[in-house]
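With the hints in hand, could you dock these two chains into one complex?
In order, the protein sequence lines correspond to chains A and B. Sequential numbering from 1 applies to the first sequence in my numbering. Sequential numbering from 1001 applies to the second sequence in my numbering.
Take these hints with a grain of salt, some might be off.
Claimed, not checked - Below, computed lysine to aspartate or glutamate pairings styled on EDC-like, alpha-carbon distance capped at 20 Å:
#: 1; chain 1: A; residue 1: Lys736; chain 2: B; residue 2: Asp1033
#: 2; chain 1: A; residue 1: Lys621; chain 2: A; residue 2: Asp734
#: 3; chain 1: A; residue 1: Lys315; chain 2: A; residue 2: Asp333
#: 4; chain 1: B; residue 1: Lys1027; chain 2: A; residue 2: Glu523
#: 5; chain 1: A; residue 1: Lys119; chain 2: B; residue 2: Asp1032
#: 6; chain 1: B; residue 1: Lys1028; chain 2: A; residue 2: Asp333
#: 7; chain 1: A; residue 1: Lys660; chain 2: B; residue 2: Asp1032
#: 8; chain 1: A; residue 1: Lys749; chain 2: B; residue 2: Asp1033
#: 9; chain 1: B; residue 1: Lys1027; chain 2: A; residue 2: Glu75
#: 10; chain 1: A; residue 1: Lys119; chain 2: B; residue 2: Asp1033
What the hints assert, rightly or not - Stretch by stretch, here's where chain B covers chain A in the computed footprint (C-beta under 8 Å, at least three residues):
#: 11; region: 90–99
#: 12; region: 117–124
Just so you know, the hints here were simulated from the structure itself, not pulled from any lab data. Glycine is no exception: its CB is placed at the ideal position from the N, C-alpha and C atoms.
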Amino acid sequence: MTTCFHCGDPCLDKEIKSGENIFCCHGCKTVYEILHENDLGYYYDLEKNPGISPEEIEGKFDFLDNQDISKKLLEFNDGKTAVISFSIPSIHCSSCIWILENLHKINPAIKSAQVNFPKKTARITFTTTSSAEQKELSLKNLVLLLSKIGYEPYISLEDADKEDKRKDHSLIYKVTIAGFAFGNIMFLSLPEYFSTVDFSLDQFKPFFRWIMFGFSLPVVFYSGRGYFTSAYKGIKSGILNIDIPLALGIAALFIRSTVDIIFDFGTGYFDSLAGLVFFLLLGKFFQQKTYSYLSFERDYKSYFPLGVTRITKNKSGEITEEQIEVNKVEKGDRLLIKNNEIIPVDAILLKGNALIDYSFVTGEAEPIPKTSGDSLYAGGKQQAGIIEIEVLKPVASSYLTQLWSNDVFHDKRESLFQNLTNKISKNFTIGILSISLISTLIWLWLDPSKAFFVFTAILIVACPCAIALAAPFTLGNTLRIFGRKKLYLKEATVIEKMAQVDTVVFDKTGTLTTSQKNKVEYEGIELNQAEQNLLTGTLRASNHPLSRALYKILHQHNSIRFLDDFEEKVGKGMTASYQGNTIKVGSFSFVNSGKSIENNSTKTQDNFQNKTSVHISFNDKYKGCYVFQSEYRPGISEVFEDLSNRKKLIVLSGDNEGEKEVLTKMLPKNTALHFNQKPDDKLNFIKNLQEKGKNVMMIGDGLNDAGALKQSDVGLVVSENTNVFTPACDGILDAKEFYQIPSFLNFSKKSIQVIKWAFLLSLLYNIIGLGFAVTGHLRPVVAAILMPLSSISIVVYTTLSIQLKSKKTFSNTK
Amino acid sequence: MSIIYVLLSLSLGVALIFFVAFIISVKKGQFDDTYTPSVRMLFEDELVKEEPSSSQESEKTKNKSE
Chain A
1 MTTCFHCGDP
11 CLDKEIKSGE
21 NIFCCHGCKT
31 VYEILHENDL
41 GYYYDLEKNP
51 GISPEEIEGK
61 FDFLDNQDIS
71 KKLLEFNDGK
81 TAVISFSIPS
91 IHCSSCIWIL
101 ENLHKINPAI
111 KSAQVNFPKK
121 TARITFTTTS
131 SAEQKELSLK
141 NLVLLLSKIG
151 YEPYISLEDA
161 DKEDKRKDHS
171 LIYKVTIAGF
181 AFGNIMFLSL
191 PEYFSTVDFS
201 LDQFKPFFRW
211 IMFGFSLPVV
221 FYSGRGYFTS
231 AYKGIKSGIL
241 NIDIPLALGI
251 AALFIRSTVD
261 IIFDFGTGYF
271 DSLAGLVFFL
281 LLGKFFQQKT
291 YSYLSFERDY
301 KSYFPLGVTR
311 ITKNKSGEIT
321 EEQIEVNKVE
331 KGDRLLIKNN
341 EIIPVDAILL
351 KGNALIDYSF
361 VTGEAEPIPK
371 TSGDSLYAGG
381 KQQAGIIEIE
391 VLKPVASSYL
401 TQLWSNDVFH
411 DKRESLFQNL
421 TNKISKNFTI
431 GILSISLIST
441 LIWLWLDPSK
451 AFFVFTAILI
461 VACPCAIALA
471 APFTLGNTLR
481 IFGRKKLYLK
491 EATVIEKMAQ
501 VDTVVFDKTG
511 TLTTSQKNKV
521 EYEGIELNQA
531 EQNLLTGTLR
541 ASNHPLSRAL
551 YKILHQHNSI
561 RFLDDFEEKV
571 GKGMTASYQG
581 NTIKVGSFSF
591 VNSGKSIENN
601 STKTQDNFQN
611 KTSVHISFND
621 KYKGCYVFQS
631 EYRPGISEVF
641 EDLSNRKKLI
651 VLSGDNEGEK
661 EVLTKMLPKN
671 TALHFNQKPD
681 DKLNFIKNLQ
691 EKGKNVMMIG
701 DGLNDAGALK
711 QSDVGLVVSE
721 NTNVFTPACD
731 GILDAKEFYQ
741 IPSFLNFSKK
751 SIQVIKWAFL
761 LSLLYNIIGL
771 GFAVTGHLRP
781 VVAAILMPLS
791 SISIVVYTTL
801 SIQLKSKKTF
811 SNTK
Chain B
1001 MSIIYVLLSL
1011 SLGVALIFFV
1021 AFIISVKKGQ
1031 FDDTYTPSVR
1041 MLFEDELVKE
1051 EPSSSQESEK
1061 TKNKSE
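Here chain B stands alone, though its shape is the one from the complex (with noise of 0.2 Å):
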C-alpha cells in the first residue's frame, strides 16, 4: 500500500504544477481582458499582396477594395 505514497505525491505535484500556471497567467494579464482575444482570432488572415491568391475568400475581400 505505500504505492499511495508515491501517487499522492504525484497528484499533488501534478495540481502544483497546473496551480503555478495559473499564478502565472494571471500575472501576465490574461485575465485583464477576456473579450477581445475572442474577437480577435476570428479576423480574416492578411492577404499577402505580392503573389495573387486564389481562393474564393480573397478575391472578394480584393474586390471590395478596389
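So that you can see chain A by itself, here it is in the shape it has in the complex (with noise of 0.2 Å):
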C-alpha cells in the first residue's frame, strides 16, 4: 500500500495526487503545498515522512481575539512585537525544528521561532502592528497558521500562568559551587598528603590552609544550606530523617577543621567536607530526572477552551456574537459551541444536531447524538456542526469538575508516606549520637583533651554519605530505566509506593479496552457482494468515526462502488443510491423510520442495547447490523493472572454491566468487579480500601478516573499517544506496554532491596571509619580516602545491579 508523502500513514482513499507525490488526505496535501510554495521542501528532506495531519480547526481559536485572553497568553507585547511560547505536543523530528525556525518564509510577519525540543515548545516573535516594512500577524492568526501545517499549538490559561516561574537552577549552582571547591581544596591538600616527603613545602601550609578555609565557606552556607534547613524541619516536627546526621557530619567536619587550623593542630578536614557536599548534591541531582514535556499536574482546566462565543440579544432584538473567558459563563448564558469544541459547561441543547464526544471524560471513543432539549454534561467534544446551547451550572459547579472541589486535590500529602531513608535514618541517628557520647565520656575518663577530637571523629566519620547516595542513585536509575521501558514516572518516590502496592484497581474503558476499533461482527441477514459493495462506498462518503472505523475493515474485501446519490443526516445516519438501489445505514430508528419492526429485530434490539452497532438496510428493507466488539488489550489474562497470585485485583467501570460476561472469562476468578461507577464513586472506592489499611495502585486513563488516581497511592495513567492530555497522576505509561506491568512492580521491588544491601554495605564502611574515631585515630587522609570511595562504591554498586536486574526482569516477560 503506499504511503502518504506528508505524514507516512498509508493512503486508504483514492489517492490524492500533488505533482508526484501521493497523500493520504486533502489537509496533508494542503501543508506540502503550503511549504512547497514558501521553498520549504528541505522539510522532506530532513526526515522521511516528517508530517503531521492537519486537524479541522475552523473556528476553534475564536477565542483569541478576546483581548483579555491574549494578554495572558503573551509573553511580551510592547504595542508592535510580541513574544509568546507555545507548546506544541506534535513536535517530534527534526523536520518539526527545522520548519517552525523557518516560519518567516511563510509569513514575513513572524521574526524569529526557537524550538525547544525535549520541552516540546516553540518561542515565536511577530509583529503585531503593521509598518511600513513589517506586515502585521494577529495572535489567532498566528495560531492559524501554526494549525494550518499541523502544529496545534496546546493552549490553556494554566499553562500560561506556569510558564511565569522562572526555571529553578540552584540544584545545578549548588552543585558546581561545591564541586569547584572540591577540586581545588584536594589540589591545595596535595603537600598535607606528602608531608612526610618533602619539607620544603612546609612553609606554605598555614596559607594554604586558609585559602582552603576560604573555599569551603561557600560549601557549607551554600551548597550545603538545604541540609541545615531540612534537619532543623525535621527536628521541629519531630522526624529524624536523614538530613539531621548529614548536618551534624558537614556541621562537624566544618567546626573541627576550622579548630584544627585556628590552633594549628592540623590540616582540618576541609577536603572531606567538600567532597561529602559534592557527591551529596550530585545524588540529588542524578535522581531529578524529569520528563518535562509531559504534564502530571492537569487538571480539568487544562482541557477547557479559554474563551466560548456568548450569543447576546440587545434591546432592539439583534443578536451578537461575543467571545467571552469561559469562567465568567453565568446561569443561563447562550453559547454557540462550534465543531470541534469542548462544552465548558453543564447545559441544555437548544438547536442543533449534537454529537457528543466524552472521550476526555469516559475514556470512550465513540461520539453519542444528542437532539435540541437534551442536557449535555461539561467535558464533550462537539463533532458535528455548530449547536447553541444554554448553560445550567457554569464551569466550577459542572458535574464533571465538581470532582475537584474534593479535599484530594487540596491537601498536600507527602508528609503522610515515610520513604526508606528515613526509616533507616531514625534508628542510625539515634545509634551514632549515642556511640559519640559514650566514647567521648569515656575519653574524658582517660585523656580529657583528646575527648573534643574522638567526639568530631565519630560524627565526621559517621556522616551517612553512602547512605543518602544509595536511594537516589537506585531511584534515578530505575526511573531512567522504565522511561526507556515507556512508563514515565512523575518522581523516584512513586518507585517506592509502587513496591508497597498490595492492591491494583483497574478502569475498563479505555485501559483495559483499546479506544481504536477493528472488531466487528455482522448480525442478521447475509448480504451479496453487490451489497456490500455499495456499503462500502456509502462509508467511504461520511466522516463518522464509526463509518471511518468499519471502513478501515470492509474496504479490504470489497471493491468500491461510486454513489449516484447520498445524504448524511448528522448524528443519525445516511442513505445513498446506486443504479436505483437506496441503502440506509445508521443508528436503528433511522434506518427503519417509519416501518413496522420484523419479528426478529426486536430480539435484535435488545441486544444491541449496551453495544456499539451499525445498522442496514436495502430499498428500506431491514438487513441487520454490525456490531463493535470492545477490544480487550492483548495479554491482559496475562498481566491479571499474573499480577493475581500476589496482589488483590478490582476492575472499576463507569459502563454498564454489558461486558461483565466477557471479563469473568477473561479475568482470575478472585477478580472483582464492580461497573456504573460513578468519578466521585471510584475516589470513595479507593479511599475505602485505604482506610482497611491497604496500599492501591490505580490504572486508569479519562478525566473520570482523575479523582481515583489522586486519591491512590500510585496512579498510573495508561495512554495510547503520550503527547495526548492526561489527567493528573504519578506516571504515564505507554499503552503498548500495558503487559509489562507486573514486570514494572516486580522490579520496584527489586530497586528496593538493592537499596537494602547499599544500605548494609554504607553500614560497614560505617564500622570501619568508627574504629578508626573512637580510637582516636582518625587523620585526615584516612577521612579523605574513606570518604569518596564509600561514597564511589556505593554509587557503582547501585548502578550495575539495577542494570543487571533490569536485563533479567524485563528479558522474561515477551
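Listed below in C-alpha cells is the structure:
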C-alpha cells in the first residue's frame, strides 16, 4: 500500500496527488503545498514522512480575538512586537524543528522562532502592528497558521500562568560550587598528603590552609544550606530524617577543621567536607530526572477552552456574538459551540444536532448523538457542526468539575509517606549520637584533651554519605530504565510506593480496552457482494468515526462503488443510492424509520442496547447490523493472572454491566468487578480500601478517573499517545507496554532490595571508620580516602546491580 | 619558593574565570535545552535565491522544490 508523502500514514482513499507525490488526505496535501510554495521543501529532505495531518480547526481559536485572553498568553507585548511560547505536542523530529524555525518564510510578520525540543515548545516573536516594512499578524492568525501546517499549539491558561515561574537553577549552582571547591581543596591539600616527603613545602601550609578555609565557606553556607534547613525542619516536626546526621557531619567537619587550623593542630578535613557535599548534591541532581514535556499535574482546566462564544440579544432584538472568558460564563447564558469545541459547562441543547464525544471524560471513543432539549455534560466534544446551548451550571460547579472540589485535590499528602531512607536514619541517628556520647565520656576520663577530637571524629566518619547516596542513585537509575520501557514516572519516590502496592484497581474503558475499533461482528441477513460493495462506498463518503472504522475493516474485501446519490443526516445516519438501489446506514431508529419492525429484529434491539452498532437496510428492508466488539488490550489475561497471585485485583467501570460476562471469563476468578461507578464513586472506593490499610495502585485513563488516580497511592495513566493530555497522575504508561505492568511492579521491589543491600554496605564502611574514630586515630588522609571510596563504591554497586536486574526482569517477559 | 604565591594566585584566577563563565552561561539559559541546538547546527545553510549557486547540493534542493 502506498503511504502518504507527508505523514507516512497508509493512503486508504483514492490517491490524492500533487505533482509526483501521493497524500492520504487533503489536509496533508495542503500542508505540502503551503511548504512547497514557500520554498520549504527541505522539510521533506531532513526526515522521511515528517508531517502531521492537520486537524479541522475552523472557529476553534476564535477566543484568541478576546483582548483579555491574548494579554494573558503573551509573554511580552509592546504594541509592535509580541513574544509568545506555545506548547506544541506534535513536535517529534528534526524536520519539525526546522520548519518551525523557518516560519518567517511563510509569513514575514514572524520575526523569529525558537524550538525547545525536549520540552516541545516554540517561542515565537512576531509583529503585531503593521508598519512600512513589516506586515502585521494577530495572535489568532499565528495560531491558525501553525495549525494549518499540522503544528496545532496547545493553549490553556493554566500553562500560561505556569510559564511565569523561572526555571530553578539553584541545584546546578550548588553542585558546581561544591565541585569547584572540592577540586581546588584537594589540589591545595596535596602538600599535606605528602608532608613526610618534602619538607620544603611546609612553609606554605598555613597559607594553603586558610585558602582551603575560604573555599569551604560557600560549600557549607550555600551548597550545604539545604541540609541544615531540612534537618531543622525534621527536628521541629519530630522526625529524625537522614538530613540530621548529614547536617551534623557537615557541621562537625567544618567546626573541627576550623579549630584545627586556628590552633595549628593539623590540616582539618576541608577536602572531605567539600567532597561530601559534592557527592550528596550529585546524588540529588541524578535523581532529578524529569520528563518536562509530559505534564503530571493537569486538571480539567487544561482540557477546557479558554474562551467561548456567547450569544446576546440587545433591546432591539439584534443578536450579537462575543468572545468571553470561559470562567465568566453564567447560568442562563447562551453559548455557541462550534465543531470540535469542548463544552465547558453543563447545559441544555437548544439548537442543532449534537454528536458528543466524551472520550476525555470516559475514555470511550464513540460519540453520542443528542437532540435539542437533551442535557449535555461538561467535557464533551462537539463533533457535528454548530450547536447552541443554554448554560445550566457554570464551569466550576458542573458535574465533572465538582470532582475537583474534593479534598484530595487540595491536601498535600507528601508527609504521610515515609521513605525507606528516613525510616533507617531514625535508628541510625540515635545509634550514632549514643556512640559518640559514650566514647566522649570514656575519653574525658582517659584523656580529656582528646575528647573533643574523638567526638568530632565520630560525627565526621559516621556521616551517612553512602546511605544518603544509595537511594538517589538506585531510584534515579530505575526511573531511567522505566522511561526506556515507556513508563514515565513523575518522581523517584513513586518507585518506593510502587514496591508497597498490594491492591491494583483497573478502570475498564480505555484502560483494559483499546480506543481503536477494529473488531466487528455482523448480525442479521447476509449481504450479497453487490450490497457489500454499495455499503463500502457509502461508508467511504462519511466522516463519522464509526463509518471510518467500519470502512477500514470492510474496504479490504470489497470494491468501491461510486454513488449516484448520497445524503448524511448528522447524528442519525446516511442514505445513498446506486443504480436504483437505496441503502440506509446508521442508527436503528433511522434505518427503520416509518417501518414496522420485523419480528426477529426486536430481539436484536434488546441485544445491542449495550453495544455499539451500525445498522443497514436495503431498499427499505432491514438487513442487520455490524456490532463493534470492545477490544481488550493484548495480554491482559496474562497480566491479571500474573498479578492475582500476589495482589488483590479490582476492576472499576463507569459503564453498565454489558461486558460482565466477557470479563469474568477472561480474568482470574478472584478479580472483583464493579460497574456503574461514577467519578466520585471511584474516588471513595479507593479511599475505603486505603482506610482498610491497603496500598492501592490505580490504573486509569480518562478524566473520570482523575479523583481515583489522585487518591490512590500510585496513580498510573495508560495512554495510547503520550502527547495527548492525561489527567493528574504519578506516572504515564504507554499503552503498548500494558503487558509489562507485572514486571514494573516486580522491578520496583527489586530496586528497594538493592537499596537495602547498599545500606548494609555503607554501614560496613561506617563501622570501619568508627573503629578509627573511637580509638582516636582518624587522620585527615584516612577520612579523605574513606569517604569518597564509600560513596563511589555505593554508586557503582547500585548502578550495576540495577542494570543487571533490569535485564533479567524485562527479558523474561515477552 | 615564593613564586608559589604568584602561581597559586594565577591558577586560582584562571579557575575563577571559568567558574564565573559557567555560572553566567547557566543564567543565560544555555543549559535549559541541551538537545535542540545539536540538531539545529546540522541544518543546511539557506540558499540565496538571486544568485544561482553551482554546488551540487543546491541543485538537488532546487529540483525537489520545483
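Unsatisfied constraints (hint numbers, rising): 1, 2, 4, 6, 7, 8
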